[in-house]
Structures are given as C-alpha cells and as structure tokens.
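Here the protein sequences come in this chain order: A and B. If you want this note's numbering, it's the position in the first sequence, counting the first as 1, plus 63. If you want this note's numbering, it's the position in the second sequence, counting the first as 1, plus 375.
No wet-lab data here; the hints were simulated from the structure. Where a beta carbon is used, it is the ideal one built from N, C-alpha and C, also for glycine. One should not assume that every hint holds.
To be verified - Only pairs whose alpha carbons sit at most 30 Å apart, straight line, appear in this in silico DSSO-like list of lysine-lysine:
#1 A/K181 x B/K674
#2 B/K501 x A/K135
#3 A/K252 x B/K562
#4 A/K252 x B/K501
#5 B/K674 x A/K135
#6 A/K252 x B/K503
#7 B/K501 x A/K206
Claimed, not checked - Label pairs and their in silico Cβ distance ranges:
#8 B/R558 x A/L202: 50 to 60 Å
#9 A/S323 x B/L780: 31 to 41 Å
#10 B/E442 x A/R230: 49 to 59 Å
#11 A/S225 x B/P542: 53 to 63 Å
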Amino acid sequence: MSITMTKNRIEELFEQKKERILSVYFTAGFPAIDDTAHIVEHLAKAGADIVEVGIPYSDPVADGPTIQESNKVALDNGISLQLIFDQLGDIRKSVDIPIILMGYINPVLQYGIEAFCKKCAEIGIDGVILPDLPMQEYLEGYKNVFEAHGLLNIFLITPQTSDARVREIDGNSRGFIYMVSSASTTGAKAGISSSQLAYFERIKAMKLNNPTLIGFGISDKATFDQASAHASGAIIGSAFIQLLSNTKNMEQDIFGFIQSVKGKA
Amino acid sequence: MGNSGSLLAKIVTELRFELKGMKIEVDSRGYYGNFGGAYIPEMLFPNVEELRQNYLSILQDASFRQEFDHLLKTYVGRPTPLYYATRLSEKYQSKIYLKREDLCHTGAHKVNNTVGQILLAKRLGKQKIIAETGAGQHGVATATVCALMGMECIVYMGEVDMARQRPNVERMRILGTEVRPARSGSKTLKDATNEAMRHWINHPVDTHYIIGSVVGPHPYPDMVARFQSVISEEIKWQLKETEGRENPDFVVACVGGGSNAAGAFYHYFDQDDVQLIAVEAAGLGNQSGESAATTVLGKPGVLHGSKTLLMQTSDGQVVEPYSISAGLDYPGIGPVHAHLFESGRGQFYSATDEEAMKAGILLSRLEGIIPAIESAHALAALDKMSFEQDDIIVVNLSGRGDKDLETYIKWGGY
Numbered sequence: 064m065s066i067t068m069t070k071n072r073i074e075e076l077f078e079q080k081k082e083r084i085l086s087v088y089f090t091a092g093f094p095a096i097d098d099t100a101h102i103v104e105h106l107a108k109a110g111a112d113i114v115e116v117g118i119p120y121s122d123p124v125a126d127g128p129t130i131q132e133s134n135k136v137a138l139d140n141g142i143s144l145q146l147i148f149d150q151l152g153d154i155r156k157s158v159d160i161p162i163i164l165m166g167y168i169n170p171v172l173q174y175g176i177e178a179f180c181k182k183c184a185e186i187g188i189d190g191v192i193l194p195d196l197p198m199q200e201y202l203e204g205y206k207n208v209f210e211a212h213g214l215l216n217i218f219l220i221t222p223q224t225s226d227a228r229v230r231e232i233d234g235n236s237r238g239f240i241y242m243v244s245s246a247s248t249t250g251a252k253a254g255i256s257s258s259q260l261a262y263f264e265r266i267k268a269m270k271l272n273n274p275t276l277i278g279f280g281i282s283d284k285a286t287f288d289q290a291s292a293h294a295s296g297a298i299i300g301s302a303f304i305q306l307l308s309n310t311k312n313m314e315q316d317i318f319g320f321i322q323s324v325k326g327k328a
Numbered sequence: 376m377g378n379s380g381s382l383l384a385k386i387v388t389e390l391r392f393e394l395k396g397m398k399i400e401v402d403s404r405g406y407y408g409n410f411g412g413a414y415i416p417e418m419l420f421p422n423v424e425e426l427r428q429n430y431l432s433i434l435q436d437a438s439f440r441q442e443f444d445h446l447l448k449t450y451v452g453r454p455t456p457l458y459y460a461t462r463l464s465e466k467y468q469s470k471i472y473l474k475r476e477d478l479c480h481t482g483a484h485k486v487n488n489t490v491g492q493i494l495l496a497k498r499l500g501k502q503k504i505i506a507e508t509g510a511g512q513h514g515v516a517t518a519t520v521c522a523l524m525g526m527e528c529i530v531y532m533g534e535v536d537m538a539r540q541r542p543n544v545e546r547m548r549i550l551g552t553e554v555r556p557a558r559s560g561s562k563t564l565k566d567a568t569n570e571a572m573r574h575w576i577n578h579p580v581d582t583h584y585i586i587g588s589v590v591g592p593h594p595y596p597d598m599v600a601r602f603q604s605v606i607s608e609e610i611k612w613q614l615k616e617t618e619g620r621e622n623p624d625f626v627v628a629c630v631g632g633g634s635n636a637a638g639a640f641y642h643y644f645d646q647d648d649v650q651l652i653a654v655e656a657a658g659l660g661n662q663s664g665e666s667a668a669t670t671v672l673g674k675p676g677v678l679h680g681s682k683t684l685l686m687q688t689s690d691g692q693v694v695e696p697y698s699i700s701a702g703l704d705y706p707g708i709g710p711v712h713a714h715l716f717e718s719g720r721g722q723f724y725s726a727t728d729e730e731a732m733k734a735g736i737l738l739s740r741l742e743g744i745i746p747a748i749e750s751a752h753a754l755a756a757l758d759k760m761s762f763e764q765d766d767i768i769v770v771n772l773s774g775r776g777d778k779d780l781e782t783y784i785k786w787g788g789y
C-alpha cells in the first residue's frame, strides 16, 4: 500500500480558492434520521465549499447547547456511525465538494481505526476533525493509517494556543487549520471582539504553511465577512443547526441561508 | 495430567514473576499500561499542560507539603483511626481493620484531594474553582475548601442528583458555593462532568477544575491518587504499631471512579504480598441492565479525557450506569484501576444494591458505624472472599452514612 497521498479534494479546493471559503457543519441523522445525504446535497448545490458531517456522540464536551441537542435528537432517532456510512455510500455520485467527518474519538475507536479509515476512503471522505484526539496521540497511533487512506486530520487552534504549538500544529497539518475563534464551546455568542481580532492578526502574521478557517461564533453574513477578512474563510455550525430545527422547506431554506451568508442573494 | 499440572505451575510461576514488584505508575505519556492519556480538545490543552508541567514540582515542594500536611492534621482531622473491628472480625474469623476515612471533616475521603488541589490552584495563581459532583460529597468537600481559602466556587451537579441529594446541595450553598444544575443527557454525574469541562473550556485562564476522582486527562488521575495516598501511608505505620507489620494480606475498597481505592492501594501497588481488592457496584445485578460494574460490562474507550474501561454501546455511545449508591454511579473507572484489572494486580468483585445495604446494616449493628453506601459495597465483598484465620484485612471505610439516611430508611430491613 502506498503511503504517498494523491491530491485530496480539500487541498485542491484551497489551491483553487483563496478566500471566502464557507464550510458548513451539521449533525448526521438530524432533524430526521434520513436527512443526512439530502443535507449534504442541498449544501453542495447551494454553494457551500466544504461540508462537515457530525458524528453524534452521547457526551459532546466541546459543544454548546445547540449541537448537544442535535446530537441527542440524532441518537434518539437511531443514528450510528455505521448508518452514517450507509447513508453516505453513494454520495460521490451527486456531490463533488470536500466532505469531512467531525466527531469525538470514542465512536471511531469502537468502529476500529483501520475499518473507519477504509470506509472513509471507499465513500470518498476527505478529512476528519476529532477534537478530543490530541496531536501527540494522532502522530503516534493514527497518522500512518489516516494517510494511507488519503484522509486529512484537521487540527484546532485557539486563542490560548502558544505560537510554538501553533507552529507545531501547522507542521503536522495538511488541508487547513481550524481556528477556534474564542475560548468557548460551539455556538458562542455571535460578534467578534477586539481581543479576537488581535488573535486573528497574530495568527495571520505567523504566515503559516496551511490556510485557516475560523469557526465558533460564525453565524451569518456579517460574522462570515469579518472572519473571511482574517482567514481563508469560516465555518458555520450551530446557526445552521438552528435553521434545520425550524425549517419547513429544507432545500429552499438551505439555499437561502448559504446564499445570504456568501452575499449573493 | 502430570504434564499439564507442571505446565500450569509454570504459567502460575511466570505470572507471579511478572507481577512481582510490578510498577503501577503513570508513564511520561500519562498512561498506566494501556490506559490513561489526555484526550482533550485543544481548547483545554493550555490548562492541562500547565498542570502537567507543574504538579510534580508543586507537590514535592517543601512548603507545599508542610501546608498540606498541616491542613490534613488540623482541619481534616488526620490521621484517621485504623480501627480493629472486633465483632466483624469474629463473624468472618479473621482480623479486620477499618480505615476510618468516614471520620474526615465533611464525612469522606474526598476532602484529602480537595485540600491538595486548592493549595495547588493557589500556587498556579487561579482565582476561581469549578467542580463536578454526583452524590454531592466531592462538591461539599470542594465548597468547604473554597470557603476556607476564600475562593469563588461553582459546582455542577446533575439535576436528577440535586433532587436526590438535597441536603448536600444546601450544604454547598451554606458554604457559599453556587450549585449549577447539569440539564444535559441523563442529568447525573457524567453530565455534571461534561458541564464542568465545558465551563473550563469557556474560562481557561483564571479557573482551576478540581476533579474529584482518579479520572480525567493526565495528570489528574496521578495527581488525585497522590493526594489520596495519605490513606495507605497511614495504614502502613498504623498497622506496624498494632500488628508489627506494615502490610496486611488484603486491602479492600469500593470503586466508582476509584479515588478512595487508589489512595488505599497506593503504597501497596508494588507490595506483592498484599492483595488489592476493588469492589464495584452491581446495582440490580450485572446481567440486569442496571449495574455500574465497569470491569464486568465495559470495554476500552475514551471518556472525560482518558482511555479507560467504559460502559458503552457497540456504536461507542456511553451507557448510563445504575447503582443505589450515587458515588459509584459512573460509567467508567480511573485508568489506574483499568490497568490493575487488565494486569491482574487487582482483584475485582462487584456487590449488588441488596448485598451492599445488608453489609451496611450489618456494620451498623456489629460495630456501631453506619457506613456510606459506597463503602458498604467494600464491606459486602467480605462475603465473597476467602481468607485464613490469621489474615489481616483492611477495609477502607471511605465515608459515613449520614448522607444516605434517606436511602437506608426507604430500604428498610433493620
């Protein structure tokens, strides 16, 4: 098996597009269990650049109330990692944009690292975000098998991450770095403060090898614009989950939301 | 027969050899064997890293030791007695000692750890304290030391537990602590821990999180075990005084997360002649679907920052445990205990609600001591163990039963 990786959809995207990249997170199996693949398709059609499919977990410690609730509903609906793979089995027939799986390490461990990576490669998943898998553990126990299956592992940085550690993370990253906008769980209050701007500037000035996307607290056009001024783009999660909670016409509302965030409406 | 017999003997000898002088300690990566580590989101990395880099030097600092020892003596009431339980010994035809952690200030061993951690938090320059609590014992112990040190304190407690443990909620409030209900998930200890971690993510700079058991990301399991190790430190010299030897044949302790067991075992980890007996809560029975016996029902997994044995579904979702004892009602165990189990250094038993309640009432009648229901699980294991007449058994009586009065009353049978 070759360890060298072929070009990955995430890397291709960042080569072609340098700004205003919009990545959207949603929880698989929410609001209804069979919505997963449709939402990916609607997002791609509406103009999202990356889709992050959340793997629900019983104990999502890095998430605020909105995503916690969507995790709970999805689990009550009967979602599982295996079912997510089944739902996304044919997704590459209809969707070309990068797809990332985001979740906590335990469900992945129980599925089996090797089996998980193999399945991701089969389906055409491009990357993984596992916030509670620390960098050191990743490098020692996961990196080889991830790379063998063409999977990028996306790391997080926060305002408290030291310059030295940002450099280390940058050195071990491919694709992009997920820049957590503030010291918070997901779904933080919208709006960007001066101390956050200083942090964005600090990271920008470091001229990292990898592009960055800003996430947490990005909810609409205004915050997307602000974030995009300091990074290659931004990630929206909780605000999109809220939209899904209230929608009556999913396809239309997703289209409207993405267009309004990107400013093309 | 002869061959298989000698083969068996050989295997046993080799096993003994492997166990001999076994080091039960955390390695540089924060692991006990296959268990432990620090599975935390990057948001918590600076806090946990700050702790990891400083905890050993602070704990070994002479002025820290002095202050810690002084408070343990004058405030907590240490050393706690090692009491020879005459009538209980008669019943079991052996020599049973009770390590009286129930006599600690606030009613359980939990305060050993909170005194240690608040002194450490002060040295790290933290101004605020958060904690999680299940039954409320760790919450009360944390609220107590925060009052003592004049520090702001927030304790997260599952909404269900708040209703079940009302007196402890009010104790914390009297002590000036804000008790915040955890309303997510099953609204018990696991969820209170999640909420405390979320709070810490949102307040990374000025706040120290006092975890109450030997769980969580490295260095918490090791740090909490060190603060609780005073239990076995005292057992050693106390037993030497009464029996002329430091090592009992057995040390018995209950395990939820496992902090009292870690403290009672600590100085005996590498003493092969001491059998370490851990007792988990079997609830309504291990096959009933209502149990908290993690080594029986769990598989390796990651929860609250460490890899350990964990009760979970095949999809990796954490399963809600059950025990009559809120302090043992946790779906994981500390990584040190997962290692004791996997390596064979520890022997694990489990006791049902009924066995524990009977053992609690038995101790009340024979010795005039009403134990916490957690500790009653340890006592219940005496019925399951076999020992010789001269064997010395130390049971860690981790807490007193005052907080459990309502459960005793409802249970009846006395």
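Status of the hints after comparison with the structure:
1. Between A/K181 and B/K674 the alpha-carbon distance is near 23 Å, which keeps this suggested pair within the 30 Å criterion.
2. With a C-alpha separation of about 34 Å, the suggested pair B/K501 and A/K135 falls outside the 30 Å cut-off, and the hint is violated.
3. As the CA atoms of A/K252 and B/K562 are separated by approximately 25 Å, the hinted pair is consistent with the 30 Å bound.
4. This hinted pair checks out: A/K252 and B/K501 have alpha carbons roughly 25 Å apart, not beyond 30 Å.
5. Taking the CA atoms of B/K674 and A/K135, the gap is about 22 Å. The hint holds against a cut of 30 Å.
6. Of the pairs offered as hints, the one joining A/K252 and B/K503 holds, with about 23 Å between alpha carbons and a cut-off of 30 Å not exceeded.
7. Among the hinted pairs, B/K501 with A/K206 is inconsistent with the structure: their alpha-carbon atoms are about 36 Å apart, more than 30 Å.
8. The given range of 50 to 60 Å is broken by B/R558 and A/L202, whose C-beta atoms sit roughly 37 Å from each other.
9. Under the hint 31 to 41 Å, the C-beta atoms of A/S323 and B/L780, about 59 Å apart, miss the expected range.
10. One distance hint, 49 to 59 Å for the beta-carbon pair B/E442 and A/R230, is violated here, with the actual separation near 39 Å.
11. Our hint of 53 to 63 Å for A/S225 and B/P542 is violated, since their Cβ atoms are close to 45 Å apart.
The structure fails to meet hints 2, 7, 8, 9, 10, 11 from the earlier list, while all remaining hints are met.
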